[in-house]
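If you're matching them up, the sequences are chains V and W in order.
Here the first sequence is numbered in my numbering, starting from 2 and rising by one per residue.
Here the second sequence is numbered in my numbering, starting from 2 and rising by one per residue.
Hints were generated in silico from the structure; no laboratory data involved.
One copy or two, it doesn't matter: identical chains are merged, so the pair holds either way.
Restricting the straight-line Cα-Cα distance to at most 30 Å, the calculated cross-link-like pairs of lysine-lysine (BS3-like) are: (1) Lys102 - Lys777; (2) Lys525 - Lys432; (3) Lys340 - Lys310; (4) Lys198 - Lys481; (5) Lys625 - Lys481; (6) Lys447 - Lys694; (7) Lys864 - Lys777; (8) Lys520 - Lys625; (9) Lys481 - Lys694; (10) Lys522 - Lys481; (11) Lys198 - Lys226; (12) Lys432 - Lys470; (13) Lys766 - Lys102.
As a plain string of letters, each chain reads:
2 protein chains.
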Amino acid sequence: MLRSVSSDGTSGSSERNAPASMARGARAMKMKSQATQVKTDAPASSSAGGKKRVYLLSEGNKDMKMVLGGKGANLCEMTKLTLPVPPAFIITTETCLEYFKEGTGDLPAALDYEFALKAIEEDTGKKFGDPLNPLLVSVRSGAPASMPGMMDTVLNLGLNDEIVEGIIKTTGNERFAYDTYRRFLNMYSDVVMDLDKEPFEEVITSIKKRKGIKLDLEMEAADWKEVVGEFKKLNPNVPSDPREQLRGAILAVFRSWNNDRAIRYRSYNNIPDEWGTAVSVQAMAYGNMNDGCGTGVAFSRNPSTGENKFFGEFLPNAAGEDVVAGIRTPQPLEEMATKWPGVYEELYKYQEQLEKYYCDMQDIEFTVENGRLYMLQCRNGKRTAKAAVKIAVDMVKEGALTEAEALLRIPANQMDFFLHPTLDPTAQKTKIGVGLPASPGAATGKIVFTPDDAEVMANMGEEVILVRKETTPEDIHGMKSAEGVLTALGGMTSHAAVVARGMGKCCVSGCTAAEVNAKSKVLKLGDVELKEHDVITIDGSTGEVYLGTVERRSAAEDEDFQTVLGWADKMRKLKVLTNADTPEQAAQARKLGAQGIGLCRSEHMFFEPERISSMRAMIVAEGKEERLQHLETLSVFQREDISGILKEMDGLPVTVRLLDPPLHEFLPHSPDEMQSLADTLGKPFSVVKDRVKQLKEVNPMLGFRGCRLSVVYPEITDMQARAVARAAAANKKAGLDPKPEIMVPVVSSAKELRLIVPRIVAAVKEELDKAGVDVKIPIGTMLELPRACETADQIVGTDDVEFISFGTNDLTQTVWGFSRDDAIRFIGRYQEQGLLDFDPFARIDEEGVGGLINMAIEKARTKQPETKVGICGEHGGEPNSVQFFHSSNFDYVSCSPFRVPIARISAGQAAAVEVSAQNKLYRESITNVKRAPK
Amino acid sequence: MLRSVSSDGTSGSSERNAPASMARGARAMKMKSQATQVKTDAPASSSAGGKKRVYLLSEGNKDMKMVLGGKGANLCEMTKLTLPVPPAFIITTETCLEYFKEGTGDLPAALDYEFALKAIEEDTGKKFGDPLNPLLVSVRSGAPASMPGMMDTVLNLGLNDEIVEGIIKTTGNERFAYDTYRRFLNMYSDVVMDLDKEPFEEVITSIKKRKGIKLDLEMEAADWKEVVGEFKKLNPNVPSDPREQLRGAILAVFRSWNNDRAIRYRSYNNIPDEWGTAVSVQAMAYGNMNDGCGTGVAFSRNPSTGENKFFGEFLPNAAGEDVVAGIRTPQPLEEMATKWPGVYEELYKYQEQLEKYYCDMQDIEFTVENGRLYMLQCRNGKRTAKAAVKIAVDMVKEGALTEAEALLRIPANQMDFFLHPTLDPTAQKTKIGVGLPASPGAATGKIVFTPDDAEVMANMGEEVILVRKETTPEDIHGMKSAEGVLTALGGMTSHAAVVARGMGKCCVSGCTAAEVNAKSKVLKLGDVELKEHDVITIDGSTGEVYLGTVERRSAAEDEDFQTVLGWADKMRKLKVLTNADTPEQAAQARKLGAQGIGLCRSEHMFFEPERISSMRAMIVAEGKEERLQHLETLSVFQREDISGILKEMDGLPVTVRLLDPPLHEFLPHSPDEMQSLADTLGKPFSVVKDRVKQLKEVNPMLGFRGCRLSVVYPEITDMQARAVARAAAANKKAGLDPKPEIMVPVVSSAKELRLIVPRIVAAVKEELDKAGVDVKIPIGTMLELPRACETADQIVGTDDVEFISFGTNDLTQTVWGFSRDDAIRFIGRYQEQGLLDFDPFARIDEEGVGGLINMAIEKARTKQPETKVGICGEHGGEPNSVQFFHSSNFDYVSCSPFRVPIARISAGQAAAVEVSAQNKLYRESITNVKRAPK
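Extracted from the complex, chain V is given alone in its bound form (with noise of 0.2 Å):
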């Protein structure tokens, strides 16, 4: 069959070895053309314009993912390491990028892979298009980052009536030549040609269903023969000359870069829409001639828990497809080893090879034809939160990577798994039902049918899960929104246990006693019926399901995870504080390893039902008097809980902010409510009323808040320095070491802090007079607004000003203008046509937003070298925008409690891809760090 490759694991033959060696050859030869490919002409062969825009396995290796797509370099390299891989070449992703900026619809002019057809038909003795011994090929999608089932492929290329009758003959077998004719018209008609599927599943549907029969593998040659005749009438178009259907199916791949699913998930998994797809064509392998082949999926270590241990699964005779779909449920790989030593043995040296030399978990799919090995990909393997933190310990004891190189693998902003709480196992439980334990962590939610329901259902604060029959690539947005995924069909490795580990997402997978009716919105479990809504609990590290909400608990400690925190504390230069606003939150920060608080939002102490009355009584009061009446009850439980914090982050900063949010935030406005707080205050309606009409406010986030408060109302701004420095008298009074700090927000000139700064000390200065003890409580101020940023220097030149701390949610948008609370009108159709590659939100805008912190940072420290520098955005907890924080000089950022070990962990990183010079490594480790090409 495929000449090129020996089924023997154990010794090369001449045979395998003749094309490896061609191909090193070739390799050899190519290298100066591929080093000089833009300025000088490649043999005319392989480019045009300049351009190489064709690659053979053997003129590509790893390091050109950006080229030939993940999967093509490493087809390339596996060949390189003389592993059995099937002939094919690579179209290059930059033609891809030629054909959409032609626009002609068909393939660029300059694209020419015959003499790559040519070398294939060498290498395999098969000739494309001949009867008499026909060579089928795949034509699959190849992006240089994952995208696993986003994109196109089309397998068995190069059939048509007179060639079917060419596979019987030279195979023999009539049922494998017709299942694989039905299964290209099929592919092709839907992929290439973009016809619905309905009809060509009922046909094979009425035909089982006439005999009797449920299984593919029951169906017979004559059946196939059937399906084959009725499929063409379906759809007569599919053209029968075979390089007219390799031309269809390269330009449909090319198409499928720019496909709805492809589009949202590149926007979900911050991929540029600028890279394009390669397009690999290869010589067919088949799994699924007879029960002498198979086709499986491996790793290297377990994906899920990262024990060192080969684990797989496969499929005997079925096709790769068959795996991925998760349509059958695959064997252990272990059966293998009894069914076919041989082959397992081969496979088991091969996955040693690549791991060794990836230096990395490796995920690899084959497919085994006749008793042949063929090794149809390698990647690095997804794995779970808990599998990567394993691996990269193990990794490190093995001696396979230093401590730094180890750090650099960890997928830091998955971290939060081992936050996560797990099922409390003394908790009461009814289980319901069993699966597959595809993706660890627990999760409870109302059970939703659909991912577009998952997804309005979460926007609307609702906690679900998404019960399916199996995910599909269209269920992303779904699977995303929902606390956990279930599905009645697939396994370890189908679609939707690969994408929640990858999301960090917690599945059970093939619960194949769930009956799933999305129409009628029901799941029964056995005897239980459930309807849409109605509450469950899964487990995915076990694979059980259970009735309504079963009590979590924290995550135990980890020791692995320890371990890797310990890595990079030693490296990390950032220090990791805390957003924290209750006594609570910070001995829950303290214990995650922050260093101290960062932002205490001290309005958030007047939410509480006995204080807002008071805090409301202070907005409404009639004059000073009045209001300076209440915020003396205020004060005393401002000062209360500031005490408390202090305690608990004993011996650590802790940044007090002033009142930030406008004030009719906490006025009730419905007239119910209005009434009632008049009634509670003894005033007329009118009064309140009209305080609520006054301090509406057309435009919240650029209005009447921040310092603009302390403005107009110095004694509210007294008040809380004066809170302050009661707290940490009374702390040291009692023997603490106390270091608050105080935080004046929403400034847009230095000229605000020359006047509030000097309230602040005085007031502060005579608290602490008064009750006779030393505290340094340093003051600072929050830089959200362009204009701050602007002018920092000024600002930092203000008498008593020691730190800035950027408010990096304000400043994303005032620099954006963006309001985040309506952007979600526009931000999602922004990444869907590619305007933004991610969320400004949730990731730092280096160029817009980081550029006003780099131009405020260089101003500051040029005028005060020793201004201390932070961030207390939600961003301080997001490994990409940490990395930028580090590069940028901060010296600390700030995060909300559960984050900061992604943060200790980020900045690590950060610092580790100086000591390591590892920097292209981390690249392609860490999820979200993506470049754009030259």
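With chain V's structure known, arrange chain W on it following the hints.
Showing chain W alone in chain V's frame:
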């Protein structure tokens, strides 16, 4: 009396010349120490700590305003010119700042003025505090910029019980002595000791009542003596030591730099808080000794009309404050020519001399003491817009100024005077009173009786006339808010008149028939009794007052104004375009000199009744089909409107901005209106309600608007682009020369343009091809978000983007984080507290907003040097901002039609500064351009 100056205006007696030459000698001697004042110690007599704090008149000159204040510098200069100036010394502005910085509440320890006091004593031959030959002094404020009446003054200082007897002895005038003493006690109690004025006034009122008299002039010596006795009971604490009095008065003047009304005035007039006031201590000259005395104010040309004729008023037997206060109505200066021809002749000579010397119209204060003329002040006179223009044109004709110099004297921001309507002489009207034509123009409005009411009503959008008995500096904010001012008392140089002219506001003063009762809010004019909010019309050019509304008409073409515009057009480099949304506005703007339209807000065309319903239907449309249908209707309106505008602006650019506001601005919000819309559209109420709810925004300014609409609803943009192209085609076919441009608003990244601009290009091309005409329609974008400025290189690097126009309104909102709609809640307090030197929405903030603008221009021009750069925010018609745009090499500014002439003049001035090298003159003459001291 004052030994140093002569009453003889024709020939200087040796007596008079002696001190003058002495002064010159002293000046020559001092020049050196002055030039090196910071680095070297000046003689101990006048400086300490390396700083010269006290100047004799002989030591300064007119260029030292920053140090000596405007008043002090000009006193020095008049002394230099040998004019009869009472001897004085000046304490520097820096000393005032020193006072505030030290914050001890006492005079800076290093301040020593004894040597200077001695010099005055020597000059006058009198002795401060010597009962036998007492020297009395005035202590006056004097800032670098004129702040009329804003700060404090103490006159007649140096009196006590013993010294008043000395005055009686030396003058033989007991009445004068006690009159002076009571004035001193009254003023000192008020100004220095901050006592309530009322009880003091009551003392006088009750004596007058008892005696049955009304006027001060009717008071006899014994009466004033009684008054003095009563005053001393009211305030027994006026220090009797003259030196202690002097110390107190200097401190009071220092303090008055930071009184509320001074801070507010500076804020209104953009005078930096950091300047401080100088203090002049000057020998008193008395205009109120007897009938041979008097005091007055004169202008070298008519400050109202500009006529080249010596003009002024005087009050016989009165102190200076009596004229300015407007309590008695003064006599025209011509009557002085009859009464005291010698004095008049001398004064006439001086004013000629001063105008020639200063090259500008002079405002002079003088006192005649027993037939001797004393010059108390000279300065460049405030004038009406009309006078400014006439004086400038006349002085060019006279050869006194070049055109560039003259242009720089024009207060550009008052030029709208020439554009505002005057009363229609043919209109029906009911005259109800007549006063003095204090400040030209005509105004109609509801009457209000307090400045606060004026402000409140104006903020509510009402036009009001402020009616007062007389105005005081406390009334400034009310005058600013009113359309016009009517006072019962006061002459042409009263507070009301001077301030109104400065503001370019119409004013009728001295309408003596008016009985103004601010308490009961009633104005009686003869038989007519008017209540608050009744409407009157006043004509500031004739002094007439009319009942109700009188029709007004556009100002006649003013030849001198056209001459000035001609100078500006010759000099300016900036093009001046206009913001216009209708053919009518376009026509009007073109008449006013607009060179095209820089901003045509396309959405304004949709707000008319007939159109808004189609617009609403389009917004509420369920699906694209329905939306397209309504867009088709809108398209016709849009094309017709734009066609009309292109016709009016034939041959000139018309920049059409695509839909900008959030869609909810077009929708109704009350249930009734929503129901009505639903009925009109034949849709269920819920559809309308849901859409309204869906589009509602938290921060519309940062919401779903501008090009974001183009991203989500490309069909709207398509319609607009086609409408522009069709309108252009129609005009072209009619033989005209249409020059439309299309502008994309609210861009935050170049990617938006890369999506939107090709769509516009395609739509425009299709329409033009269809019509078979060739019109160039350049496409550009607005830079109105910080991020757009930061990435201006990418923006102008986008294919087919040819121009950028800064939207400084929105840019100011995002850079400062100030919502224009909401900032009103705190921006007033900001100005009061000196946190804002000016309203950044009125005048460009060069530091913050300007910083981003300059960054953007540099990036844009580096990338695409030929990029056209404009501005279409409201700053486009504000003189200081125009100068900034000139300096930043803009191609054009675009402003509202009535601001076009102002922009033309401002642009001419900006260029004239360069050509004339008369920068300094410009700084002095243009009202708002102030610079902080070095």
